[in-house]
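S.K.: Next come the chains, spelled out residue by residue.
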Amino acid sequence: MSYKIHTDQNFSFERKPSPVPGDLRIGWRIPLTLLMLNCSRGKKASLAKLNLLNDALRSERSREKLSKIIRGETAHIEWRMRVEPAFARNMDLLTGGQLAEWEVANGKAAICLTNKGKDIADRLENDEESFISEKAFLREYASKITEGFVTQILLANKAPS
Amino acid sequence: MIQVCSLKLRSITARTVYGVDLDFNSGLNIVQADNTSGKSTCLQAIIYVLGLERSLSANLSVPLPFAMRERIHETKDDPYEEVLQSYVEIEVCNHRDEKLRIRRSIVGDADPKLISTWSTEEAEDDGPVRERQRDFFVHDPGSATRESGFHHFLAGFLGWELPDVPRFDGTECPLYVETLFPMFFVEQKRGWSTVQGPLPTHFRIQDINRRVLEFVLNLDAGKVRRERAELNKRIGFLGSDWTDKRRVLSKGGVDLIRFIGVPKTPTAEFSHQAAISLEVFTDGEWLPLELASKELQDEIAKLNNIELVSTEEAEASTQKALEVAQLKYDELGAMFEVARTEFRTVLEENRALKKRLEVLDIDLKRHQDTKKLMALGSEVTDAVAFESCPTCHQHLTQELLPPSSAGAMALDENIAFIKSQQLMYKSALAATEERLGELRLRGRSIEQDYKEAQSELRSLKRALVRPASSVSRATIEKSVRLQARLDQWEEMQERADGLVDDLVAIAKEWARLSSRLKELRTGDDFSLEDKNKISRLQSLVQGHLRTFDFHSFPPSEITLARDNFRPQVLVFDKDSDGEIEKDIGFEASASDGIRLKWSYYLSLLELDENYDTNHAGLVVFDEPGQQAADPVNLTSLFQESAKVRPDRHQILIATSEKEHAIKEGLGDRPYNLISFSGYILKPLN
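Chains A and B, in that order, give the protein sequences.
Under numbering that gives the first Met the number 0, think of the first position of the first sequence as 0, with each following residue one higher.
Under numbering that gives the first Met the number 0, think of the first position of the second sequence as 0, with each following residue one higher.
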């Protein structure tokens with residue numbers, strides 16, 4: 000079967016842009032990362048901690064799970080550490096945009112907010128209308144998620160050798 | 000109405016008590032002194048003592064100069080002394096001739112958020128006059144609404160009932176007293192820049208100029224709009240009440256009955272004629288309840304007429320009935336199974352839709368969070384929403400996604416996309432819910448039939464094994480069973496009737512409110528009285544403009560805008576070949592702008608001669624001539640101001656015009672001149 004199109008006009012097709020899940024938006028993830036760093040001790044955190052928080056903050060269920068571990072209701076081993084490729088891109092943008100910078104603390108690499116990053120993070124923190132549930136989680140549990148806690152989770156996940 | 004009877008300023012240092020006492024009359028009062036001597040301080044002090052700083056700006060800084068806050072000296076050459084304590088006190092009276100002394104401190108012991116008042120009370124039996132002291136707070140939440148808030152009290156003192164007005168965020172707040180005073184009080188620095196106000200915008204009230212003017216002019220339009228909002232709210236409540244009741248009906252609040260003809264929302268038709276049919280599911284189909292009960296009654300009657308026979312005689316017929324019953328039993332069992340499978344499928348679909356909607360909700364929230372950040376200003380958005388790579392400046396079309404050939408949707412487009420999906424899934428969800436309700440109902444009906452068939456089967460089997468000579472009970476049992484079902488139906492019918500009555504009542508109320516709303520909707524909101532008021536105001540303004548020698552336009556071409564009552568000018572437009580209305584703003588010269596402001600404010604005051612308005616009866620002009628580029632002649636303003644009614648009106652003017660010029664201009668007209676040389680705040684001890 001063949002069709003003939005009778006028109007003397009040129010026409011073209013345009014590729015429709017595809018929808019992006021909200022958590023893969025730069026404009027969502029960067030502020031979230033700033034908030035994570037802002038509530039960490041000394042405004043700095045190891046990559047492992049950020050990955051952990053990043054994982055936890057992305058769904059209600061994982062938030063619930065992490066809070067159970069923190070409260071000691073569930074064993075550390077229950078947490079599955081995941082590394083998300085998009086998060087690596089996000090970190091690149093964060094450092095590239097001079098919102099945070101890498102440094103070495105206690106022999107471990109850590110990422111630390113710059114003054115610009117602190118300023119922006121404070122303004123995000125004070126905005127009462129956005130990131131409500133995420134901020135609520137961070138305010139409640141951030142002080143308990145220390146680097147030591149992250150190390151415990153990592154060790155618990157290590158395969159027995 | 001409010002009139003300031005006296006004003007007292009005190010600024011106390013370690014050595015000296017500085018201060019001033021001013022007495023004002025009703026009618027025209029002129030405070031005359033050279034520049035930078037403290038005239039404005041006196042007028043600003045009135046704003047301060049009434050807790051109205053926020054009509055000037057959003058922050059709460061004290062609108063008074065150094066001399067009242069930090070340091071003061073006697074003359075320009077003396078050394079400064081530190082202010083240890085300072086306060087403002089005024090005495091005011093209102094239309095009910097109540098007198099009130101109000102004091103608020105600036106520096107020193109009392110909290111500036113506290114305002115103390117003393118009202119004089121006529122004691123009984125001609126005893127001594129007692130003063131009653133009451134303290135109020137300002138600038139804390141509730142200052143306008145709570146009993147102990149000063150502005151709540153002040154509004155009551157003025158005889159005002161402040162309406163609730165909508166804000167930009169959709170909530171409501173009272174029309175704060177602070178928003179009204181700029182229409183009576185022209186402050187020196189910013190007051191002369193615009194004809195109305197400038198009214199404070201930081202309260203985030205929608206259409207503030209219009210709301211304030213509607214209140215000051217006491218127009219019906221505002222009331223009409225409020226009534227409409229109230230009606231809309233109540234109609235909304237009725238709607239949700241209706242939905243709730245309807246859900247009770249359709250979701251098996253009444254067992255085993257299906258309702259046909261209950262509209263999704265209340266309608267006028269329903270209130271007159273509730274055409275509802277009730278249906279029951281029997282013998283595999285939906286039948287109108289009336290018909291079904293009739294059939295059932297007939298069947299019971301028939302059974303009751305059958306003569307009782309012995310088991311032996313009935314054996315053949317019982318055997319046959321048993322076969323029929325068995326068949327029916329099997330059939331119902333199969334039907335029940337089918338219904339159950341279908342129910343399970345729909346339920347599965349329903350759950351999947353719910354889950355999908357949940358995910359969409361979260362996704363939408365994330366997008367909206369990202370969008371809300373824009374409100375924090377470009378500094379934040381630029382920093383967190385990268386449009387290009389900070390290092391190589393390539394466009395980042397992919398957000399954080401792995402590279403693909405198609406670009407990513409823009410934020411707004413994506414939000415719209417999610418919302419349209421939500422819409423679709425929601426309607427699908429609603430469809431499955433409805434289907435589930437019906438299936439549940441049908442399942443229950445079949446189940447009941449199934450159980451009945453089972454017991455019929457059992458009783459028939461028992462009948463066959465009874466002693467041959469005894470009376471056959473199968474018929475009686477069947478009759479009893481059917482009677483029970485009939486009773487159940489009747490009861491259901493009664494309950495349903497009750498609910499339907501409720502629905503009819505809701506529909507009636509709904510129809511009544513809707514028709515009232517429709518009445519309000521026709522035409523504009525202005526009543527006849529409103530229109531007269533506005534045209535009277537317009538002619539008053541025009542009259543004053545003539546007296547003040549306004550010459551940018553012929554005064555007769557100055558009209559008032561219908562939306563916010565701002566003066567505008569009719570000019571001939573070449574394009575449309577007709578007259579169009581234009582904002583005066585930049586068209587008039589600076590000095591004419593000031594003349595327009597005088598005219599407008601005096602006219603608002605004078606309007607209460609013939610009409611009922613909410614004007615405070617007080618007009619304050621701080622330096623009415625100073626802002627003009629060329630010196631304006633204040634004489635005509637003084638003369639016009641001296642004409643106001645002393646029993647109701649008070650005008651306070653602070654000016655640096657020379658004393659003899661004022662006296663010459665006013666002649667023997669009634670006025671009160673308060674003149675100063677040097678600083679107004681002088682040592683008192």
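Simulated from the structure, these hints should not be mistaken for lab results.
There may be inaccurate statements among the hints.
A few chain A residues facing chain B, derived, Cβ under 10 Å [to be verified]: (1) Ser17; (2) Gly26; (3) Met80; (4) Pro84; (5) Leu92; (6) Ile119; (7) Ser129; (8) Ser132; (9) Glu133; (10) Ala135; (11) Arg138; (12) Ser142.
Computed footprint of chain B on chain A; a stretch qualifies when at least three of its residues, placed anywhere within it, have a C-beta under 8 Å from a C-beta of chain B [to be verified]: (13) 47-56; (14) 93-106; (15) 120-128.
Ideal Cβ positions, reconstructed from N, Cα and C, are used throughout, including at glycine.
S.K.: Under the criterion of a CB-CB separation shorter than 10 Å, is Pro84 of chain A in contact with chain B as hinted?
M.R.: Holds - the Cβ of Pro84 of chain A comes within 10 Å of chain B, reaching about 7 Å at its closest.
S.K.: Tell me if Glu133 of chain A is really an interface residue toward chain B, meaning its C-beta lies closer than 10 Å to one of theirs.
M.R.: Result: holds, 8 Å to nearest chain B Cβ.
S.K.: Tell me if Met80 of chain A is really an interface residue toward chain B, meaning its C-beta lies closer than 10 Å to one of theirs.
M.R.: Check failed: Cβ of Met80 of chain A comes no nearer than 20 Å to chain B, outside 10 Å.
S.K.: Using C-beta distances, would you say chain B covers the segment 120-128 of chain A, given that this needs three or more residues below 8 Å?
M.R.: holds (count 4)
S.K.: Should the interface hint for Ala135 of chain A be scored as holding, given a Cβ-Cβ cut-off of 10 Å against chain B?
M.R.: violated, 13 Å
S.K.: Min Cβ distance, Gly26 of chain A to chain B: is it shorter than 10 Å?
M.R.: The hint holds - Gly26 of chain A has a Cβ within 10 Å of chain B, the shortest such distance being about 4 Å.
S.K.: Taking the closest Cβ pair, is Ser129 of chain A under 10 Å from chain B?
M.R.: holds, 4 Å
S.K.: The segment 47-56 of chain A covered by chain B? Criterion: 3 or more residues, Cβ-Cβ distance below 8 Å.
M.R.: violated (count 0)
S.K.: Given Ser142 of chain A as an interface hint, is its Cβ closer than 10 Å to any Cβ of chain B?
M.R.: Not OK, violated: Ser142 of chain A not within 10 Å of chain B, min 23 Å.
S.K.: Under the criterion of a CB-CB separation shorter than 10 Å, is Ser132 of chain A in contact with chain B as hinted?
M.R.: Where the cut-off is 10 Å and the nearest Cβ of chain B is about 8 Å from Ser132 of chain A, the hint holds.
S.K.: Does Arg138 of chain A pass the interface check with chain B, least Cβ-Cβ distance below 10 Å?
M.R.: Where the cut-off is 10 Å and the nearest Cβ of chain B is about 16 Å from Arg138 of chain A, the hint is violated.
S.K.: Does the interface hint hold: is Ile119 of chain A within less than 10 Å of chain B, judged Cβ to Cβ?
M.R.: holds, 5 Å
Checked against the numbered hints above, the structure violates hints 3, 10, 11, 12, 13; every other hint is satisfied.
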